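A.B. asks: The primary structure of each chain is shown beneath.
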Amino acid sequence: MPKRTDLEKILIIGSGPIIIGQACEFDYSGAQACKALRAEGYRVVLINSNPATIMTDPELADQTYIEPLSVAYAAEVIRKERPDAVLSTVGGQTALNLAVELAESGVLDEYGVELIGAKIDAIKKAEDRLLFKDAMRKIGLDMTQSQLVNNVEAGLAFAERIGYPVILRPSFTMGGTGGGIAYNREDLVEILERGIDLSPVHEVLVEESVLGWKEYELEVMRDLAGNGIIVCSIENFDPMGVHTGDSITVAPAQTLTDREYQMMRDAALRCLNEIGVDTGGSNVQFAIDPANGRMVIVEMNPRVSRSSALASKATGFPIAKIAAKLAVGYRLDEIRNDITRATPACFEPTIDYVVVKIPRWQFEKFPGAEPVLGTQMKSVGEVMAIGRTFKQALGKGLRSLETGKSSSRAALNPVLINKRLITPNPERLDYMRFAFEQGYSIEDVQEMTHIDPWFLRQISEVVAEEQSLLGRTLDSISKKEFRKLKRDGLGDRQIAEVMGAEPMQVRAARKKLGIEAVFNRVDTCAAEFESFTPYLYSSYESEDESDPTDRRKVMILGSGPNRIGQGIEFDYCCCHASFALQDFGYESIMVNCNPETVSTDYDTSDRLYFEPLTQEEVLNIYDREKPDGVIVQFGGQTPLNLAMPLKHLGVPIIGTDPSNIDLAEDRKLFGKLLADLKIPSPPHGTATSIEEACETALRLGFPVLVRPSYVLGGRAMVIAYNEDTVRRYMQEATSFSVKRPVLIDRFLEDATEVDVDALCDGENVLIAGIMEHIEEAGVHSGDSSCVLPQISLKPDVIRTIEDYTARLALALNVIGLMNVQYAIKNDTVYVLEVNPRASRTVPFVGKATGVPLPKLAVGLMLGKKLDEFKHLTGGIVNGRLPVSHYFVKSPVFPFAKFPGVDPALGPEMRSTGEVMGVGETFGEAFAKAQLAAGTPIPDSGALFISVNDRDKPAAVAVAAKFREFGFELFATRGTAAALKHANLPCKTVFKVNEGRPNAVDLLKAGKLNLVIYTTTGSHSFPDEQTIRRNAVTYRTPCITTMSGAKAAVEAVASRRRDPIRIWSLQELHASETVQATNA
Amino acid sequence: MDQAVLALEDGSIFEGTSFGAPVESAGEVVFNTAITGYQEIFTDPSYCGQIVVLTNPQIGNYGANAADCESASPYIEGLVVREISPVASNWRSSDKAEHFLAQYGIPVIADVDTRRLVRLLRERGALRGVIATGEQNLEELVQRARSAPTMAGQNLVSRVTTAEVYSWTKGVEPVSPSEKGLPAESPRFHVVAYDYGIKRNILRHLVQIGSKLTVVPAATSAEDVLALKPDGVFLSNGPGDPEPLERQSAQVRKLIGKVPVFGICLGHQILGLAFGGKTYKLKFGHHGANHPVLNKHTGKVEITSQNHGFCVDPDSLRDSDVEITHMNLNDNTVEGMRHRNEPVFCVQYHPEAAPGPHDSHYLFRDFAKLMEESKR
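As given, the protein sequences belong to chains A and B, one line each in that order. Numbered per the working numbering, the first sequence spans residues 56 to 1134. Numbered per the working numbering, the second sequence spans residues 2 to 377.
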């Protein structure tokens, strides 16, 4: 069947902001789908609220709507664009859910829009537990036994029948609250009673436990003709009980015989068939009892998923791209395999290497949340590593994580070994290695972890190899031994640390023996056919397949695993760097290790090296490719950390000189520069010891902002109002890193914060955007909403900002991008921070202004000048880019995933993603951004407000506005008094410890629609935390700053005043081009 | 650990570590790209005369067990892998893979850069080679590789076929509580299977469709077969070049039209010769479990298990009564044929899988249907 000709225009739904469990893998899949469908000649309309995505670049679709992924806005897009079909299977669960809502609300029928990919019945069958169970039973597939009960007796009876332990899952509680594992009758009664009470419908699912079973996943593709293939099998290192997203996973499956694998393959294909997935990719998860091979099907997703991204990168088979083609009618055998060119896509990739994925967690950012892993995903990112063997891949994967730990000697506590092995947690692998060092046997570790002994043996062998180096010298290592060490994945740094040497000495020693990395290709076919795609990984084999060209070329260092503070925005910039290089006639070489990203798509760059971003691995590639330049300023902190060492080794870093990047981070040098330029900054100092820190703080005057140098995302940053806090902070900080000093700044309370992105060619400075933060200084810039253009800054303040920015850029000799953060207090502009590199806000500013900032930056790095890009900037070379509307960027937080964590905003960044809202007024843009971020501001209902004394005057003004809008007001005692004093009628509500019914009771009862609850400044009381926490639990939007509250007033006004309006990027920027041309 | 070396006829040397039996062994070096199923590969008689390189770098992880044997013992001449597991981890495992091979005297060379070897074989075609252990004179080894017999023209079937006629009654038995295949149908056909190197899973699947099986040696005459009054005759897989098997193709020619015939792999090639066609040697053969085959009747694609170095030339059958029913989508080679007027069909690939996908099990049912029809 060739492609369908009855379709002309197709709407693709994106996945929205990056959240835990739904990250940039859907930018990858969505971008692939957009490209594939347009290449087939379809007109593509896209809706996605996330501006930091490649898929929302105006070049990728005919009409791009960065609008909230809600039924109302999607319906408006459909009404306006009249697509023939909606493709819902490439935007994760968000897109799938929205597609279902659009179908159920009648919008699709009303406009005659067809759902392609997965039909509504198939989606429901896969998603509804009971329907799924029936479907699987029908085709003879085993599932775990389970029963919904509403009383303890029924639960006991069921548990007796299936045997203990059993898993208990209360229905409809957030994050599995109230659930647990019952190992015996007593546990069951206790947990069940609590669960029935906590469940809003008083129901608990009692389920057979498959904890400790082996877990597998198959990536399946199917076409309309019914052809089905398995793209990849994945085996979880961590057994059942840990969410797949939190498991280390391995491809292909390592411990299944063909007999068992084919049984699983048959089951997966039957499952897709029964669920009714017409076309596309799905993943099916299985659990296998290691004792007897009993296999149960765990779940299936009728869409591309995080695992499909992993499977695509692991095999070179582009699942999303092919899924999009299948959705428009192609058959698998009609699509070519891009890599071999000669063979069709209708085959099952086979691989001659091992792929390991390792999750990246950040529990340290969520004090109060217990760092244990379970059935709810907690990781914020992941790395993938390719090696010829499991050991090699695991070693590379651990290096890719950039946790700063290279071996298990990093401060592990022997007393904790058993505990850390038994309960899954982020440090389990470290403790496993540690346990082997301490003499634990494979049987011991297996008993505690239930991890397959094959994996444990591999790890124990590497530990033994490492141990065998203790007390030896480098020149005692033979060539054969060195070759084995490298083949088994040991990093130069790891070897150096064990032997008390320097990594470069290890490198020199092995090179002298001829032990050097070579590069192998990912080719989908284990070398059976020739590969035309330079998708490479390093190994220590005997033949190099990299085949470098003699073109002009530039290597881009990517940003590694997603982390809070270093996310998709940087991948976005790296991809654009690559596109720009290609445009400028250079070969682009990408180096990255994050499987979720567009940058690691083999289509993005001319050449892709899927490698850890370490000095060792980057140098290996450099030695082989000899690029003309290396770009470090787009990938966030990861490549910047490598910049100076690489420069010293003679690697040509292009753009801003790494020493100037360093200078901006160096307090003393930078302080001097500011003084020379006569640009004010908050009084500041540095400290390396507790005493020094306290002295400095006292000298500067409280409150002070304390933070380590060289971090992104405000890691371990606090505002200290007294010496005690400083002391406590320093005690913890010195345990992290002693090498680099702690920075201490005088904290400017209630200042307005501003982010500026600019481009500089060494002569001219183009200001791309001045973004005013909604939240006041003190809230991390990544966690604050911001608006473009600025809304409250006076003209001379803006002029000052422009002046400072230009002078700073020239003084630092910036070539490329620069970001400056300012605080404005009493109309004085203070510089907080200068980062001569791409910032988190670059994609947002690019989308708002319509100017491709990374492209310009790359041009500048290659020696071009700003005046060569007038056609892209509307003729502006020296000055500020205009914007036609209001654009608000709002953060999205993972608080719902971390029970017990206070959602109050602070200097430590905790948001995982962002959305953009567009409007004719600030209020409209902010309301849309908040809706898109999942915290919609209501237009009516009940407002609960509680503020500290300092905020009371402002709170009265805000409350009066809400009152005008017809909101009912609730307040805690002090705030209520202030409101009543201002003649605002309001109900007084108890705080939690004052009696009942209290604020939490009202939240639980669903009586409150909006919460404004500011912090008391120095630290927050348990009581306020509880209320804010419950607002998150009961999904009531909760604003924790006064500036946020004021913005909310404007949002409500807009919601009550403005119709639902949408603008595509193409419309927004077409008008600008016209304006620019006219001007 | 002892060192081992693989020397090829083109002079290439691959160094590695010795596992399995520390003996010298020669054969044609071929690579198989299947990810799972090494034990089935070891014990497939079609590999007689061949040293097998597995592209999956981690071999031996799940050990070895009695149920996964495709014949009484391994037939490969030697095994080349990137890494062989020192442990066996699987509830079905009763032995380590390396021990399993050692006990049958088969050498294993591990720690080899198998990717380089595969790329070499892809470029140069299948090459003869020798695996040897310990200190060796490499030039002499290369010489020995060069003097190893070539596959073309060699009659390997006589080495692997059964000496005696035997019957087979076992169907497919589940190995896990979740493997819920249908029970074997009660015997309603008498099938005579020519053993050119037959795999057990073919026998099991023939039992599944309701066959009472008599397995006969490769040299059995058509008359003797017909005297057994079969409802159908099955032509099995087997090693090497079909061309020297003139006697076999002559016997098969006599069966056409007298009894339904189904052939797999070498059986398919022998049918090709019996139809009057020709066969030729592929550069490096098809050995793997991911080959897409188009069924020209249904238009559907089957992912198939394959293991052959020779192939039927479709041009040689252009004027015959033979219809090409299946085609390989990677290289458009012939994968299945059917006689237009007589109940005879065959496939080049392995519908019994083991190892490999089960997409083509239907062919056994097709055979049953054919026998049923001609019974009426």
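What the hints contain is simulated information worked out from the structure, not anything from laboratory work. Quick caveat: nothing in here was measured; it's all calculated off a predicted structure. It is possible that some hints are incorrect.
[Claimed, not checked] Result set (BS3-like, lysine-lysine): computed pairs, CA atoms no more than 27 Å apart in a straight line:
1. B/K181 to A/K58
2. A/K174 to B/K301
3. A/K188 to B/K181
4. A/K733 to A/K723
5. A/K608 to A/K925
6. B/K181 to A/K193
7. B/K171 to B/K181
8. A/K193 to B/K301
9. B/K181 to A/K539
10. B/K370 to A/K58
[Said to hold, decoys possible] Quick list of simulated restraints, FRET-style, between CB atoms:
11. A/E598 to B/S148: 22 to 32 Å
12. A/A466 to B/L283: 56 to 66 Å
13. A/D678 to B/D11: 28 to 38 Å
14. B/D11 to A/E557: 40 to 50 Å
15. A/Q1121 to B/K370: 11 to 21 Å
16. A/I175 to B/D11: 27 to 37 Å
17. A/D638 to B/L283: 39 to 49 Å
By construction, the Cβ of each residue, glycine as well, lies at the ideal position given by its N, Cα and C atoms.
A.B. asks: Confirm or reject each hint.
C.D. replies: Here is how each hint holds up against the structure:
Only pairs whose Cα atoms come within 27 Å are accepted, and B/K181 paired with A/K58 is rejected, the gap being roughly 38 Å. Distance check on the hinted pair: A/K174 and B/K301 sit about 22 Å apart at the alpha-carbon level, within 27 Å; holds. A C-alpha spacing of about 18 Å is found between A/K188 and B/K181, which places the hinted pair at or below 27 Å, so the restraint holds. Restraint check: the Cα-Cα separation between A/K733 and A/K723 comes to about 15 Å, which is no more than 27 Å; the hinted pair holds.
Under the criterion of a C-alpha separation no larger than 27 Å, the hint pairing A/K608 with A/K925 is consistent with the structure, at around 25 Å. Annotation: proposed proximity of B/K181 to A/K193 holds, straight-line Cα distance about 13 Å (limit 27 Å). At roughly 16 Å between alpha-carbon atoms, B/K171 and B/K181 fall within 27 Å of each other, so this suggested pair holds. Annotation: proposed proximity of A/K193 to B/K301 holds, straight-line Cα distance about 25 Å (limit 27 Å).
Pair hint B/K181 plus A/K539 does not hold up; C-alpha atoms about 44 Å apart against a cutoff of 27 Å. Restraint check for B/K370 and A/K58: the C-alpha separation of about 36 Å exceeds 27 Å, so the hint is violated. At about 27 Å, the beta-carbon gap between A/E598 and B/S148 stays in the expected band of 22 to 32 Å. At about 58 Å, the beta-carbon gap between A/A466 and B/L283 stays in the expected band of 56 to 66 Å.
Between A/D678 and B/D11 the beta carbons are some 30 Å apart, a value that agrees with the proposed interval 28 to 38 Å. Between B/D11 and A/E557 the beta carbon distance is about 43 Å. The supplied range of 40 to 50 Å therefore holds. Between A/Q1121 and B/K370, the C-beta spacing of about 59 Å breaks the proposed range 11 to 21 Å. Range check, A/I175 to B/D11: about 60 Å between beta-carbon atoms, so the 27 to 37 Å window is missed.
Between A/D638 and B/L283 the C-beta distance comes to about 44 Å, which sits within the given range of 39 to 49 Å.
When held up to the earlier numbered hints, the structure conflicts with 1, 9, 10, 15 and 16 and fits the remainder.
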